[in-house]
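Enquirer: Could you build the full structure based on these sequences and the hints that come with them?
Taken in order, these protein sequences are the chains called A and B. Be aware that the first sequence starts at 1, since it is given in the working numbering, and climbs by one per residue. Be aware that the second sequence starts at 1, since it is given in the working numbering, and climbs by one per residue.
Bear in mind the hints are in silico, worked out from the structure with no lab data behind them. All C-beta atoms in this analysis are idealised placements derived from N, C-alpha and C, irrespective of residue type, glycine included. Please note that the accuracy of each hint is not assured.
Said to hold, decoys possible - Listed below are the simulated DSS-like cross-link pairs for lysine-lysine, each with C-alpha atoms no more than 30 Å apart in a straight line:
1) A/Lys722 / A/Lys663
2) B/Lys722 / A/Lys715
3) A/Lys731 / B/Lys375
4) B/Lys544 / A/Lys544
5) B/Lys731 / A/Lys375
To be verified - The following residues of chain A were derived to be distant from chain B, with all beta-carbon distances above 12 Å:
6) Asn130
7) Gly234
8) Asn404
9) Thr433
10) Ser530
11) Lys663
12) Ile728
13) Met742
To be verified - Listed next, with one range per pair, are the computed distances between beta-carbon atoms:
14) B/Val704 / A/Ser461: 49 to 59 Å
15) A/Tyr535 / B/Phe456: 44 to 54 Å
16) A/Ala428 / B/Val704: 45 to 55 Å
17) A/Gly234 / B/Ser72: 57 to 67 Å
18) A/Ala428 / B/Gly143: 34 to 44 Å
19) A/Glu711 / B/Gly143: 22 to 32 Å
20) A/Ser237 / B/Arg734: 23 to 33 Å
21) A/Glu398 / B/Thr697: 35 to 45 Å
22) B/Leu705 / A/Ala552: 35 to 45 Å
23) A/Ala552 / B/Gly143: 33 to 43 Å
24) A/Leu65 / B/Val704: 28 to 38 Å
25) B/Thr697 / A/Lys549: 22 to 32 Å
26) B/Gly143 / A/His120: 54 to 64 Å
2 protein chains.
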Amino acid sequence: MLVSAILTSVGINSALCVLFFVLYSILKKQPGYYEVFIPRLLAEGNSKRRSRFNLERLIPSTGWLPKAWKLSEEEMLSSSGLDAVVYMRTITFCLKVFSFAGIIGIFILLPVNCSGTELHQIDFADLYSNSLDVFTISNINLGSKWLWIHFSSVYAITIFTCYLLYRVSSILCSYRLLSILILAEFDHLQSLFPGTVTEYNYISSKRIAYFYSSRPQPHQFTILVRNIPASAGGSVSDSVESFFTEYYPTTYLSHIIVRRTSKVQSLINDAKQLYKRLLHLQSEPSEQKCKQAGLFGQKVDHYGKRFEDLEQNARLEQSEVSLAKSTITETYQYTIFLKYFKSHGGSNCTLNGMFHNKFFTHHLQDTHAAFVSFKTRYDASTVFHMQQSINPTHWLTEEAPQPNDVFWPFFSSSFMGRWISKLAVVVACILLTILFLIPVVVVQGLTNLSQLEVWFPFLKSILTIAFVSQIVTGYLPSLILMLFLKIVPPIMEFLSSIQGYISHSEIERSACNKVLWFTIWNIFFATVFSGSVLYRISIFLDPKNIPSKLAAVVPAQASFFIAYVVTSGWTSTASELVRIIPLICSLMTKCCAASTDDEIEVPSIPYHRDIPRVLFFGLLGIAYFFLAPVILPFLLVYFCLAYIIFRNQFINVYAPKYETAGKFWPIVHNLVIFSLVLMHVIAVGIFSLKKLPLASTLILPLPVLTLLFNEYCRKRFLPVFKAYPAEILIKKDREDQNDATMSEFFDKLVTTYQDPALMPIQYCADSDSLNRPLLSSAEM
Amino acid sequence: MLVSAILTSVGINSALCVLFFVLYSILKKQPGYYEVFIPRLLAEGNSKRRSRFNLERLIPSTGWLPKAWKLSEEEMLSSSGLDAVVYMRTITFCLKVFSFAGIIGIFILLPVNCSGTELHQIDFADLYSNSLDVFTISNINLGSKWLWIHFSSVYAITIFTCYLLYRVSSILCSYRLLSILILAEFDHLQSLFPGTVTEYNYISSKRIAYFYSSRPQPHQFTILVRNIPASAGGSVSDSVESFFTEYYPTTYLSHIIVRRTSKVQSLINDAKQLYKRLLHLQSEPSEQKCKQAGLFGQKVDHYGKRFEDLEQNARLEQSEVSLAKSTITETYQYTIFLKYFKSHGGSNCTLNGMFHNKFFTHHLQDTHAAFVSFKTRYDASTVFHMQQSINPTHWLTEEAPQPNDVFWPFFSSSFMGRWISKLAVVVACILLTILFLIPVVVVQGLTNLSQLEVWFPFLKSILTIAFVSQIVTGYLPSLILMLFLKIVPPIMEFLSSIQGYISHSEIERSACNKVLWFTIWNIFFATVFSGSVLYRISIFLDPKNIPSKLAAVVPAQASFFIAYVVTSGWTSTASELVRIIPLICSLMTKCCAASTDDEIEVPSIPYHRDIPRVLFFGLLGIAYFFLAPVILPFLLVYFCLAYIIFRNQFINVYAPKYETAGKFWPIVHNLVIFSLVLMHVIAVGIFSLKKLPLASTLILPLPVLTLLFNEYCRKRFLPVFKAYPAEILIKKDREDQNDATMSEFFDKLVTTYQDPALMPIQYCADSDSLNRPLLSSAEM
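Expert: Structure, rendered in structure tokens:
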């Protein structure tokens with residue numbers, strides 16, 4: 001690819017970015033779009049809808065930039081949680097690494113590369129027509145002594161990256177421990193994680209500690225027990241009760257059996273829709289009301305009928321006749337109630353929640369899983385860590401997720417079902433990888449213009465136009481790839497959700513990993529080894545030749561990846577600001593439906609989409625740093641954009657729904673280590689290709705040392721991200737003993753892990769109640 | 001190799017075996033050899049030295065065979081522990097597998113192989129001159145339908161082996177749990193591990209349970225804590241005390257700091273030797289006494305000097321002058337004592353143990369490790385399972401070994417020292433593997449007679465003699481290999497001992513693994529891929545072609561491995577009976593020293609030598625089962641020999657010194673799975689070599705299913721071998737609460753984990769005390 005093609009792409013994308021910025025700063029000020037651009041501020045009540053019109057609203061402004069810039073990490077920690085901090089830390093980590101790499105790359109490596117004559121001499125007179133290859137390591141002459149500069153820079157960047165990684169890890173570790181640590185312990189923590197003190201004000205850190213330590217959280221006291229063996233006569237609940245009262249009589253608090261609620265959930269959804277329809281009916285003129293009332297009546301009948309079916313099933317499953325009889329009575333009452341609901345047009349009616357609850361708890365199937373709560377954090381953690389039963393496949397313990405983080409549908413599937421879906425997910429991932437080859441091949445064809453002309457001879461005339469060919473080679477390929485990549489995160493999230501994780505955050509973490517490796521395999525390796533999946537697999541089955549093969553093909557793709565950074569990095573990050581899809585949705589609803597009284601839904605940031613993207617650019621940067629340092633300025637621009645834009649979005653748009661409390665960091669850590677080792681492998685190959693076998697041999701200790709460093713970090717930091725140490729738990733428990741509010745907390749704890757489908761539902765026809773969430777389960 | 005060569009080898013080895021049997025049954029009856037052949041019975045006082053001579057003693061008898069045969073598993077469990085049961089179970093497991101395999105192999109596969117004509121037709125007239133290859137799968141014609149019989153037999157043996165493996169695992173699991181389970185729980189256990197009941201009498205199992213459950217064991221109540229951070233002012237002991245009294249005030253019992261005692265240990269050894277010399281001096285005539293007394297005096301002086309040196313070091317390490325002063329006084333006293341010891345010729349003197357103890361505890365360096373004891377098993381286990389400190393590299397917890405199982409020298413090395421020795425062990429293992437190539441290459445040369453003639457032309461005339469050439473090709477190669485292999489287990493044990501394990505049993509387990517994989521790599525793969533280490537590594541770096549390469553070379557080595565089974569298996573197992581090396585040692589001491597009053601040392605069986613051997617024959621059998629079924633009868637004879645001989649040795653010779661409580665079983669399990677997968681890989685290669693690609697493809701699900709089975713077993717059985725479940729621990733603890741002897745046990749527990757080097761030493765010149773162990777530490 002020529003320099004001019006890259007510049008075309010840069011030009012187009014820069015223009016797009018500027019456009020997005022301008023659009024954002026105008027649209028943001030329009031009250032009509034508040035729920036798109038500042039939903040979080042709206043929901044928190046920090047911003048009011050000003051409907052007065054003034055001219056200022058139409059002039060682009062940059063007032064939001066300093067605001068985003070000034071946001072301190074402690075503010076972010078308290079408002080968006082540790083996950084947001086991990087995400088921003090990842091970006092700043094990359095910024096620091098590539099600032100350092102950029103200085104070496106641009107001021108040392110680039111001149112060296114240009115001085116070579118292996119490919120062709122650089123044409124300073126007409127820079128545009130130079131091939132990008134003259135700026136890469138390919139241009140260095142064979143056996144040149146200049147390669148030792150590349151060699152040293154590989155060592156330098158590895159050491160710098162590892163140092164930074166260690167620092168960031170220790171800071172995040174201390175944050176994570178702070179999340180439940182008591183105030184007085186902060187001094188102790190600082191001695192354990194040196195480096196965290198220097199850059200943060202001691203007082204401000206205390207404030208965070210105070211924030212986190214202020215209240216006990218239900219999931220700290222609870223574990224999830226699975227594969228509970230049912231005792232001969234009794235129910236699963238009896239079996240849990242007897243097991244824990246026998247072995248943990250002093251510490252066991254309560255338990256809640258998880259039930260299969262998928263049927264109930266769908267019924268509730270139906271009821272919710274019916275209710276909405278009903279309200280809609282009320283607000284319409286009376287002549288239409290009469291017409292629709294008939295239809296509506298049919299729906300209610302249908303609902304009643306389905307409910308009776310469900311009851312029938314429940315009755316069949318019950319062996320005791322007496323219970324079945326009472327069920328019939330209850331259902332009859334329920335049907336009566338529905339009739340009443342229908343005849344009175346739904347006004348002023350309240351569904352008797354307690355009755356509802358009692359009805360379902362009697363008749364729903366148990367899942368052999370239960371949330372078991374204990375009186376102290378330490379005891380819950382003890383039970384989680386130890387094998388409970390003689391049979392190691394029974395009474396399996398897991399840490400409980402936060403109550404609003406539980407993924408309830410999972411519990412509805414049976415054990416066999418979960419096993420099969422796990423296998424299905426593996427197959428689906430493989431299929432996705434193979435199918436994804438199609439767009440990649442198309443993209444490959446586009447970068448290779450001459451091949452395209454062979455495939456589609458009729459395009460020849462168009463492609464001879466310089467601008468068109470520049471767009472086709474410089475811009476189109478990465479645009480297509482980008483669009484196809486957009487659909488990967490939702491697919492992966494779906495796949496993870498049927499894989500058997502018990503919490504939303506676990507699903508997201510698993511999806512994040514899937515998307516990450518999918519991206520690396522399908523973008524990096526597929527672009528580098530352009531060929532079939534089988535060809536790529538065959539390369540990895542022949543480990544001896546990987547370095548030489550990588551060294552031969554990686555530098556050649558530098559220009560493609562520069563274009564990719566510019567397109568996928570710059571533009572899609574800038575488009576994040578404008579939130580294109582929510583904007584379109586908002587426009588659509590405005591056109592179709594007049595009512596804007598819907599509750600504001602504050603979105604949470606999809607980490608499984610954004611973390612892999614940042615990490616992939618990190619991988620590109622590290623892998624190409626010494627091969628083609630031209631890529632570094634483009635990456636730096638990307639990371640700067642991401643830094644300012646995501647800080648802004650955390651203030652205005654995204655609010656956390658649940659926390660993994662920093663569990664994304666190990667993914668980041670692993671990928672950085674992988675990137676470094678990949679760079680070393682490429683370096684080994686390059687130096688032997690360039691006839692400098694000594695350098696090639698001297699690189700070998702580097703991956704070994706990097707992996708040893710990784711091993712050390714795993715020992716030092718990973719345990720903190722997995723579970724809390726006994727020391728902290730015991731101290732925190734002791735502090736709570738003197739807390740008067742704890743008994744209230746324990747009272748609530750008993751019902752916290754109730755499935756929302758089984759919670760009392762309150763439908764009130766008062767119009768002001770519409771803005772409240774329909775299910776009261778979220779409030780605890 | 002020809003049939004006649006194999007038969008020569010079989011003949012020689014059978015003769016040797018018979019010789020060993022006759023020798024054993026005669027020598028065993030001679031009172032002079034009792035300490036060689038029945039040390040255990042002697043030590044237990046079950047057998048008295050009869051010195052009356054009668055003719056019966058010179059006639060070979062078979063009386064010991066039925067005795068060994070009749071030994072029941074429960075007797076073995078109570079007398080030799082679970083490890084012995086695991087070992088015998090491994091042998092019976094192999095016996096069962098190869099009985100089944102033998103029936104299929106000899107009656108179905110062998111006739112099929114002989115019917116082939118691919119290599120050459122079998123010559124029934126002169127069976128001797130047939131090459132062994134006609135009995136292998138190589139003789140089957142390409143694409144023959146008969147190969148489907150081999151295909152089905154591979155499936156059959158895999159299913160049968162996995163079934164047996166499951167059964168044995170469940171039986172051993174239940175044994176392991178029985179080791180601490182209470183009596184009443186046995187019914188419960190039987191329902192969890194079905195199959196254990198059917199073959200064992202319920203009552204007898206109850207007896208075992210009673211035996212095991214009768215007394216609490218110190219290691220169940222204790223954990224080892226390492227990397228204890230020293231607090232600013234205080235000692236490590238203070239830091240342990242304050243940590244555990246703060247966090248576990250109700251359950252913490254006591255602790256013992258581990259100290260560096262290597263110097264003291266060597267001083268004590270010196271003193272022991274001096275003491276022995278002194279006694280010897282006393283028993284000698286007076287004119288020699290005078291002459292040696294001078295020398296002896298010099299030794300005592302030397303001893304005193306070294307002691308002063310040690311004191312000097314201790315003083316240098318101490319910063320407090322006052323302490324140093326008191327040390328000087330103490331050492332002075334000590335030296336005075338030694339002078340006294342010298343002047344009085346050592347008669348009737350008792351080393352003041354308490355003084356000794358106090359002296360060392362003051363001045364020995366702490367190791368930042370401590371044995372911490374708790375009041376219940378459950379609490380010890382809890383602390384072991386949880387991360388204790390905020391810094392995950394501090395307060396590391398491990399399960400404590402049995403007190404007599406602790407490997408004290410380990411604690412004497414520093415952290416850095418341990419790290420370096422770990423690296424050194426890796427390097428040493430690699431070197432050993434490379435150096436071992438030399439004997440293997442020699443052996444390879446011997447089997448290939450024509451090549452030998454090329455190397456050593458002068459041997460040509462000798463090698464033309466049929467008998468010589470048969471010995472050289474049939475017997476010598478495996479004999480040489482066997483001798484070289486004899487030295488591997490001690491080397492590996494030494495390497496494991498410097499690798500940082502805290503107990504003898506862990507060292508043995510690690511050595512067992514090392515020896516096993518060394519054997520597989522250096523015997524199986526080196527013989528099969530005769531070539532350099534680098535060549536072998538290059539094969540495994542090219543995973544695609546492993547099946548075809550294995551299939552090409554493995555069948556060709558069948559005859560070598562048959563000879564190996566006969567030599568290494570039969571003869572060395574039979575020689576185990578005669579105990580050649582102890583016998584020689586006994587003969588030597590009888591010739592040189594007249595005194596036979598030494599205490600009887602009961603040896604423990606070196607599992608790291610014997611388990612890998614049995615497993616390697618298992619691997620050979622499974623790998624060659626469908627390739628060359630001729631090997632199976634030879635293997636069956638080997639396993640029968642091993643079965644009867646080792647049962648006999650467990651009765652008469654070996655007594656357990658420490659227990660791993662069945663932790664060798666996972667090694668056995670893993671190797672059987674590896675053998676099965678190896679067989680599948682070879683099968684894939686063979687069927688494609690034989691132009692039967694369909695069979696080759698249909699084999700593929702088999703390794704996948706085997707690995708899934710393995711995964712299931714890891715979930716189901718492995719946790720039981722790692723740690724005890726909470727259920728059992730709590731029950732057992734509750735039972736102990738009512739036990740009156742527990743307070744006594746706890747009193748003892750406090751000092752159980754004292755380093756023997758720091759225990760009071762009692763030297764008494766009374767001659768009757770000689771048979772008692774010198775160090776009283778073993779008695780607790």
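Enquirer: It remains to establish, for every hint, whether it holds in the given structure.
Expert: Status of each hint after checking the structure:
1. A/Lys722 / A/Lys663: holds, 8 Å
2. B/Lys722 / A/Lys715: holds, 21 Å
3. A/Lys731 / B/Lys375: holds, 22 Å
4. B/Lys544 / A/Lys544: It holds: about 13 Å lies between the C-alpha atoms, which stays within 30 Å.
5. B/Lys731 / A/Lys375: holds, 22 Å
6. Asn130: holds, 41 Å
7. Gly234: holds, 17 Å
8. Asn404: Non-interface label stands for A/Asn404: nearest chain B Cβ at 27 Å, farther than 12 Å.
9. Thr433: Answer for A/Thr433: holds, closest chain B Cβ roughly 20 Å.
10. Ser530: holds, 22 Å
11. Lys663: Since the minimum Cβ distance to chain B is about 16 Å, A/Lys663 lies beyond 12 Å and the statement holds.
12. Ile728: Check fails; 6 Å does not lie beyond 12 Å.
13. Met742: Label holds. Min Cβ-Cβ 20 Å, cutoff 12 Å.
14. B/Val704 / A/Ser461: 49 to 59 Å: holds, 55 Å
15. A/Tyr535 / B/Phe456: 44 to 54 Å: holds, 50 Å
16. A/Ala428 / B/Val704: 45 to 55 Å: Taking Cβ atoms as reference, A/Ala428 and B/Val704 lie about 19 Å apart, which means the hint is violated.
17. A/Gly234 / B/Ser72: 57 to 67 Å: Cβ of A/Gly234 to Cβ of B/Ser72: about 40 Å, so the range 57 to 67 Å is violated.
18. A/Ala428 / B/Gly143: 34 to 44 Å: Roughly 38 Å apart at Cβ, these two residues keep to the hinted range, so it holds.
19. A/Glu711 / B/Gly143: 22 to 32 Å: Given about 51 Å between the Cβ atoms, the range is violated.
20. A/Ser237 / B/Arg734: 23 to 33 Å: holds, 25 Å
21. A/Glu398 / B/Thr697: 35 to 45 Å: holds, 40 Å
22. B/Leu705 / A/Ala552: 35 to 45 Å: holds, 40 Å
23. A/Ala552 / B/Gly143: 33 to 43 Å: Given range 33 to 43 Å: holds, Cβ gap about 41 Å.
24. A/Leu65 / B/Val704: 28 to 38 Å: violated, 56 Å
25. B/Thr697 / A/Lys549: 22 to 32 Å: holds, 29 Å
26. B/Gly143 / A/His120: 54 to 64 Å: Hint holds: Cβ distance 57 Å, inside 54 to 64 Å.
Of the numbered hints stated above, those contradicted by the structure are hints 12, 16, 17, 19, 24, listed in ascending order.
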